[in-house]
Amino acid sequence: MSENIDNGETALALLRDMLRIRRFEERCAELYGESKIRGFLHLYIGEEAVAVGAVRALGPDDAIVATYREHGHALVRGVSANAIMAEMYGRREGCCRGRGGSMHLFDAATRFYGGNAIVGGGLPIAVGLALADRLQGRAGVTAAFFGEGAVAEGAFHESMNLAALWRLPVAFFCENNFYAMGTALARSESQTDLCAKAAAFGMPATKVDGMDVMAVHEAAREAVRQVRGGGPVFVEFQTYRYRAHSMFDPDLYRDRAEIEAWKKRGPIHNLSNRLKALGKLTEAQFLALDAEATKEVEAAVAFAEAGSLEPIEDLALDVVAGRKR
Amino acid sequence: MRISYREAMRMALHDALASDPRVFLMGEDVGKYGGSYAVSKGFLDEFGPERIRDTPLSELAFVGAGIGAALGGMRPIVEVMTVNFSLLALDAIVNSAALYRHMSAGQFHVPLVIRMATGAGRQLAAQHSHSLENWYAHVPGLTVVAPATIDDARGMLAAALAEPDPVIVFEHVMLYNVEGELGDAWREADLRSARVMKSGRDVTLIAWGGTVGKAIEAAEALAADGIDAEVVDLRVLRPLDDATYVASVRRTHRAVVVDEGWRSGSLAAEVMARIMEQAFYDLDAPVARVCSEEVPIPYAKHLEDAALPQPAKIVAAVRRMLGGAAGASR
Amino acid sequence: MIEFKLPSLGAEMDEGTLLEWKVKPGDAVHKGDVVAVVDTSKSAIDVEIWQEGTVYDLVLEPHRKVPVGTVMARLLEPGETPEHAEAEKRRLLAKVGERESITTPTQAVTGAAAPAIAASRRRVSPAARVRAQDLGLDLADVAGTGPDAAVTIDDVERSAAARARGAASAPPGGGPATPPAGRPSPVPRPSPADRAVAMRSAIGAAMARSKREIPHYYLAADIPLARATRWLAARNEGRPVNERVLMAVPLLKAVALALRKFPELNGHHLDGAFAPGSGIHVGVAISLRQGGLIAPAIHDADALATDELMRRLVDLVARARALTLRSSEMTDATITVTNLGEQGVELVQGIIYPPQVALVGFGRVTERPWIDDGHVTAAPVVTASLAADHRVSDGHRGALFLNELGRLLQEPEQIDGSPA
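Protein chains in written order, with my numbering: chain A, 28 to 352; chain L, 389 to 718; chain U, 347 to 766.
Because the hints were derived from the structure by calculation, they are not lab data.
Please note that a few of the clues may not be correct.
[Unchecked claim] Short derived list, chain A residues pointing at chain L, Cβ under 7 Å:
| id | residue |
| --- | --- |
| 1 | G127 |
| 2 | F133 |
| 3 | A135 |
| 4 | I145 |
| 5 | P151 |
| 6 | V154 |
| 7 | G155 |
| 8 | L158 |
| 9 | A159 |
| 10 | E185 |
| 11 | L189 |
| 12 | V346 |
| 13 | V347 |
| 14 | A348 |
Even glycine gets a Cβ: it sits at the ideal position worked out from N, Cα and C.
Looking at chain A on its own, in the form it has when it is part of the complex:
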């Protein structure tokens, strides 16, 4: 760990990504209040370290299957803030021309196989993507992000089994934020040690502090190394969302004290304080990084505001192949 943080360049890059996500998500919440963004909106505030540390562990030929809380993953993966924000505005300039919205961000160029609004829905698909890589002799790894809620789904068990059985290159990245919507882990699982479930499939498993981006990054790099050329690996990142499940959620099921306790471990100030203590970051540098993130987000908002609407005549495009734009 200390070796990693000694690498100031990597740490600063991770910090920068976390700030990008944080400012992006905050702005999304604001825009939701202004009715610029509608539908379901699941914010990633508090959990940034997981997407940043894990996605940064992947190579350009690797694939990602994510959840409906995936803005951060897409941003870090390299989907532009402009394209994501325009998508949430329902604009033609969005990464899916307004067809997907917040929960369905896709990007072929970065092998980002989407947010998936079915809990556990992405897991079998990740298995298949890995199978395709294997069958075609490619060295790719497919990173499957899912929450601890998905662990209750049959798809999780079937996919873990199939990937382990066929030794497919899938990195199962479980983002355990301890609440499946409003249901606490202990209220839905007989076995709350998620790594024990992986063990049942004979799959290597690690539990990681998901609030520490350096730890996440290190664990993810190790998992990806293991997966590439080997078999699937399960990593549980213990994390916490500061905000409610979605904009519809009154958050009646959590203690304020619990939330405040987790906030003290916030991934951004956790890392920035450590870097400052090590003399690798000044307050001025931090503010500059923050300002840069804010600038990127504001530019994305301006881009989305100026966007156009997909013509209604194109409604039936992209249902099946055939008609081209």
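Assemble chains L and U onto chain A, guided by the hints.
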């Protein structure tokens, strides 16, 4: 060449595996067992376990994996043992396979072929005998086909693999042993058109999959009474080839739709609605349908027979439709 | 219970499309009230009702095309209660199956009507309806052999073949093609182009019927108009343009007055017999800008003073061109006058508009040499012509009519007023 439907399907699969390295077959007991309907017998030895993949009993995972593999550049053929079990994979098919192209605005597509057996007639009872083709035919983003002939069993798979989007192939369990002449027509098999199997002028019988043979049998029985029935095999259940069957109804002015699914909310209902929309003023009688009775398909032979569309029921429907004219001036 | 049925608003009208109801259930209606607007092949026409009562229900929905005779609405007679009406309806419903008792015979000129109460609906396949329409066959005469005794295409074709065999042995010049009966079929409001086609076909049908059925004879006479012209010029002098009277008016008036002495030229030939007109309602042929022709009536033209007749004529032309005529104007004409003088023709040889029995034509008023009292002078002259129905009158009476017309026009001041 006289072959069985099973052999025709097997030849088609063999061709696909031999000609395209991206193609692989995956499903329960497709390898060592040889396929639950013996369609892939011997393939494991010939193509090896990487391309003939026995899966665990995990329909959701292996159908989903088929979707992922298709996204990843392969041309998977996933076999689901029967449509009854496909319900365990309904999420993957309806919420993923059918939607990726649209949700991603065309960035991703899912060239996946899912084969599944359907239908009753082998006394397999309620959990193995249903016809749920209409469930899938309801979903935009899917192509749904039902090869009913030797030529289509031989030819439709290649066309399905050429599709850039997911195709569901329904193979009726009673067809596997049916033998017929394999001509050259299979090379032209498409996934767009219905086909007039037998022309006639008095009534159009519209059928698909397992009911095509029954419709033809009914037509033969009607011919003995001087009633000249046309038989249309829909072949493709989504998208429906309205032009072919509507043109037929415009000629005959009467239609009976034969559907092994349950009557309520059936595909037959959809076909009837389209006839009404497009050929109302050409109709000389209300469009009729012969569907399965609204009961779970029972085990006992006589009950199973009674539950299903049969040639005699089709004949009776035609006679009712022709009213006093039936057999009189014809 | 009064059944208000789609009237035939002209001999060629077999069907009409309800555009709009002008009444609603509960409204009291009086004789002559406009209750609906109906689109015919010619125009949108205000349809009047000729009975007193209270609207009970509107059977027909707007934008439905139905045959003449179709029940459009039901009305309660004075003193009748809704309970009566419901009892009547139940009685009708109880008779479902007894087709004859339910199929209401129409009083319309053009023949049979479809029963309009839903429960009494005959079973006819959609294709059979279309075929019957193509063949001009009345479905009421076709027995059904289809499911539930429905009429099928075969039934229609058999019936048509039988009719053809019957017609071949009947004397020529039989009745007009029977219009198809049947239920309303939804039709969009016709476009001007559609209407033009429909009107042309309607005119063709009516004229063909006329030529087929009516043994025409034709007479013509030149009538000097020197006095009428002078009289009119003096009358118009000093009047603003919009109050001036055209020569067409004394011509019309003279025709109307002359007809008082020749009732055999004024009326309708219906069902093999002549029915003299109850008044002298002169149909005025008006050509429409979009093409086609319409001949609405000026009621009791013989009783109208010159200025009133002029006003009526102007109003009628305007409304005919705006396609807002009233139904009585479309049906009531007892003779037609056609004036093609403005187009420069000298002689009109008209075709009688059935069921009328005569048509008077006027050509151009021109200066011609005219011998008056042994002197040749230049005088304005018009050629008046008569086409008349030999079943009702003959040339002798026709010639006397033209003489009377000529005489009246020599005494223009006599025809100016509104004699009782």
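Hints, verified against the model:
1. The interface hint given for G127 (chain A) holds, since its Cβ lies 5 Å from the closest Cβ of chain L, which is under the 7 Å cut-off.
2. Satisfaction of the interface hint for F133 (chain A) is found here, the shortest Cβ-Cβ separation to chain L being roughly 4 Å, below the 7 Å cut-off.
3. With a least beta-carbon distance of about 4 Å to chain L, the hint placing A135 (chain A) at the interface is held under the 7 Å criterion.
4. Annotation: interface hint on I145 (chain A) holds; nearest CB of chain L at approximately 5 Å, less than 7 Å.
5. Taking 7 Å as the C-beta cut-off, the interface hint given for P151 (chain A) holds, the closest approach to chain L being about 2 Å.
6. Using the Cβ-Cβ criterion of 7 Å, the hint placing V154 (chain A) at the interface with chain L is satisfied: the shortest such distance is roughly 4 Å.
7. Checking G155 (chain A) against chain L: minimum C-beta separation of about 2 Å stays under 7 Å; hint holds.
8. Proximity of L158 (chain A) to chain L holds as hinted, the smallest CB-CB distance being about 5 Å (cut-off 7 Å).
9. Checking A159 (chain A) against chain L: minimum C-beta separation of about 3 Å stays under 7 Å; hint holds.
10. At about 3 Å, the closest approach between the beta carbon of E185 (chain A) and any beta carbon in chain L falls short of 7 Å, and the interface hint on this residue holds.
11. For L189 (chain A), the interface hint holds, the least distance from its beta-carbon to any beta-carbon of chain L being 5 Å, beneath 7 Å.
12. Evaluation of the V346 (chain A) hint against chain L yields a held restraint, the C-beta minimum of about 5 Å falling below 7 Å.
13. The beta carbon of V347 (chain A) comes within 5 Å of a beta carbon in chain L, closer than 7 Å, and the hint placing it at the interface holds.
14. Because the smallest distance between the Cβ of A348 (chain A) and any Cβ of chain L comes to about 4 Å, under 7 Å, the interface hint for this residue holds.
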